[in-house]
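Q: These are the residues of each chain, in order.
Protein chains: 2
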Amino acid sequence: MKKSNLSRATLGRLPAYLRYLQDKDDEYVSAAEMARAMNMCEVTVRKDLSRVSSEGRPKVGYPRRELISNLDELLGKRNRVDVVVAGAGKLGQALMRYRGFEDFGLHILAGFDCEASRLNPHSDCPVLPVEEMSEFCRTHGVRVGVIAVPEGSAQTVCDTLVEGGVTAIWNFASYSLKTPRGVTVQSENLALSLAHLCLANGKGNDGRIQT
Amino acid sequence: MKKSNLSRATLGRLPAYLRYLQDKDDEYVSAAEMARAMNMCEVTVRKDLSRVSSEGRPKVGYPRRELISNLDELLGKRNRVDVVVAGAGKLGQALMRYRGFEDFGLHILAGFDCEASRLNPHSDCPVLPVEEMSEFCRTHGVRVGVIAVPEGSAQTVCDTLVEGGVTAIWNFASYSLKTPRGVTVQSENLALSLAHLCLANGKGNDGRIQT
Numbered sequence: 001m002k003k004s005n006l007s008r009a010t011l012g013r014l015p016a017y018l019r020y021l022q023d024k025d026d027e028y029v030s031a032a033e034m035a036r037a038m039n040m041c042e043v044t045v046r047k048d049l050s051r052v053s054s055e056g057r058p059k060v061g062y063p064r065r066e067l068i069s070n071l072d073e074l075l076g077k078r079n080r081v082d083v084v085v086a087g088a089g090k091l092g093q094a095l096m097r098y099r100g101f102e103d104f105g106l107h108i109l110a111g112f113d114c115e116a117s118r119l120n121p122h123s124d125c126p127v128l129p130v131e132e133m134s135e136f137c138r139t140h141g142v143r144v145g146v147i148a149v150p151e152g153s154a155q156t157v158c159d160t161l162v163e164g165g166v167t168a169i170w171n172f173a174s175y176s177l178k179t180p181r182g183v184t185v186q187s188e189n190l191a192l193s194l195a196h197l198c199l200a201n202g203k204g205n206d207g208r209i210q211t
Numbered sequence: 001m002k003k004s005n006l007s008r009a010t011l012g013r014l015p016a017y018l019r020y021l022q023d024k025d026d027e028y029v030s031a032a033e034m035a036r037a038m039n040m041c042e043v044t045v046r047k048d049l050s051r052v053s054s055e056g057r058p059k060v061g062y063p064r065r066e067l068i069s070n071l072d073e074l075l076g077k078r079n080r081v082d083v084v085v086a087g088a089g090k091l092g093q094a095l096m097r098y099r100g101f102e103d104f105g106l107h108i109l110a111g112f113d114c115e116a117s118r119l120n121p122h123s124d125c126p127v128l129p130v131e132e133m134s135e136f137c138r139t140h141g142v143r144v145g146v147i148a149v150p151e152g153s154a155q156t157v158c159d160t161l162v163e164g165g166v167t168a169i170w171n172f173a174s175y176s177l178k179t180p181r182g183v184t185v186q187s188e189n190l191a192l193s194l195a196h197l198c199l200a201n202g203k204g205n206d207g208r209i210q211t
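Sequences listed follow chains F and S, in order.
Just so you know, this note's numbering puts 97 at position 97 of the first sequence, and the rest follows in order with no gaps.
Just so you know, this note's numbering puts 37 at position 37 of the second sequence, and the rest follows in order with no gaps.
Just so you know, the hints here were simulated from the structure itself, not pulled from any lab data.
Please note that the accuracy of each hint is not assured.
The list treats identical chains as one, so a pair stands whether inside a single copy or across any two.
[As the list claims (entries may be wrong)] Mimicking DSBU-like on lysine-lysine, the simulated pairs with C-alpha atoms at most 35 Å apart in a straight line are:
(1) Lys90 to Lys59
(2) Lys178 to Lys77
(3) Lys90 to Lys77
(4) Lys178 to Lys24
(5) Lys178 to Lys90
(6) Lys59 to Lys47
Small disclaimer: the values here were computed from a predicted structure and weren't measured.
Looking at chain F on its own, in the form it has when it is part of the complex:
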């Protein structure tokens, strides 16, 4: 199973499967049993697991240890991805404190800001001067950067990240970034997420939406 073929929805469910499996002792686990215990749709669990491992056997299930090992691999537990956050305002700080990144093998290494009052070099997740960002990324081999600065500074900050070797940018500024080939930009429009929820609600949609 290649990691890159996983859908976003499947990926989102993997940390919960992993936690469930780690809490068990059995040699084998079945999709039906997991679905029941986790209050999920059996078809979904069955499909997800078949994408994660090819070791499933009818009437027996999956060997639990191998499944854990596959999930560990897919979730990058053995190959942590380091991330930097540009901008340590409210949003940047919220992201730096957001638990849940570790579930996906992502680790926020440092934040960067241009305001002296926000610098905090001795914290677990230090906030450093933005002038050091490019060099920091190069030194630590960081490939993923988050942009949480006002739109007026977004392009400059983006250029600095790219200069430091970053190839994947998660952009919270409402600014259409220009990047060289080989750099992926994902723009996060928080307002759009909320607007879309309101639409779904207006439709009389009763249930869950997972973005």
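Following the hints, put chain S in place on chain F, whose structure we already have.
A: Below, chain S without anything else, positioned relative to chain F:
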């Protein structure tokens, strides 16, 4: 055109169309001309506009004023949606300050928190005691609530919102909320968004991802 039939992607482009049209004087505008000026794909613009208005005429284009009026309507400019934010920590505050909600006719009316040090009743967007949240929602007819509290308090806060008449909940806590029928919950997993970006980047995807 029913608002609820718009895709998330189309919805996301509407504010930019509106801004473009408001800056023009012409009586008619064409999709081709807009696509060129806005550096967008003509097919996309053509499709979007056909969803927004049925007034387009071959070789002439769309009557600009009617198009603006349609967009105003779709973006809720004449029918603002009021929103409350539960939790005024870093994330809650970041959301309260996030510009861009107004683009979609969304207006954050107030935030609520249980910590006295975070209360700020006299701000433009006041932060009030969480005990007042349910009553506030009822009084102001608020139907949309954002949950930006730790997972341990998410269900309680959710129940309070529902009690106040809220029917659409945007949930940032990593907790699976239980809600009565008729209440829509959209869970936002920020870690998943970043993990998904890293996957896309690993694939060698070169370009833009709009979530």
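Q: Against each hint, give a clear statement of whether it holds in the structure.
A: Do the hints match the structure? See the list:
no., hint, verdict
1, Lys90 to Lys59, "neither (51 Å within a copy, 49 Å between copies)"
2, Lys178 to Lys77, "both (32 Å within a copy, 30 Å between copies)"
3, Lys90 to Lys77, "both (29 Å within a copy, 27 Å between copies)"
4, Lys178 to Lys24, "between (48 Å within a copy, 26 Å between copies)"
5, Lys178 to Lys90, "both (25 Å within a copy, 29 Å between copies)"
6, Lys59 to Lys47, "within (16 Å within a copy, 50 Å between copies)"
Of the numbered hints stated above, the single one contradicted by the structure is hint 1.
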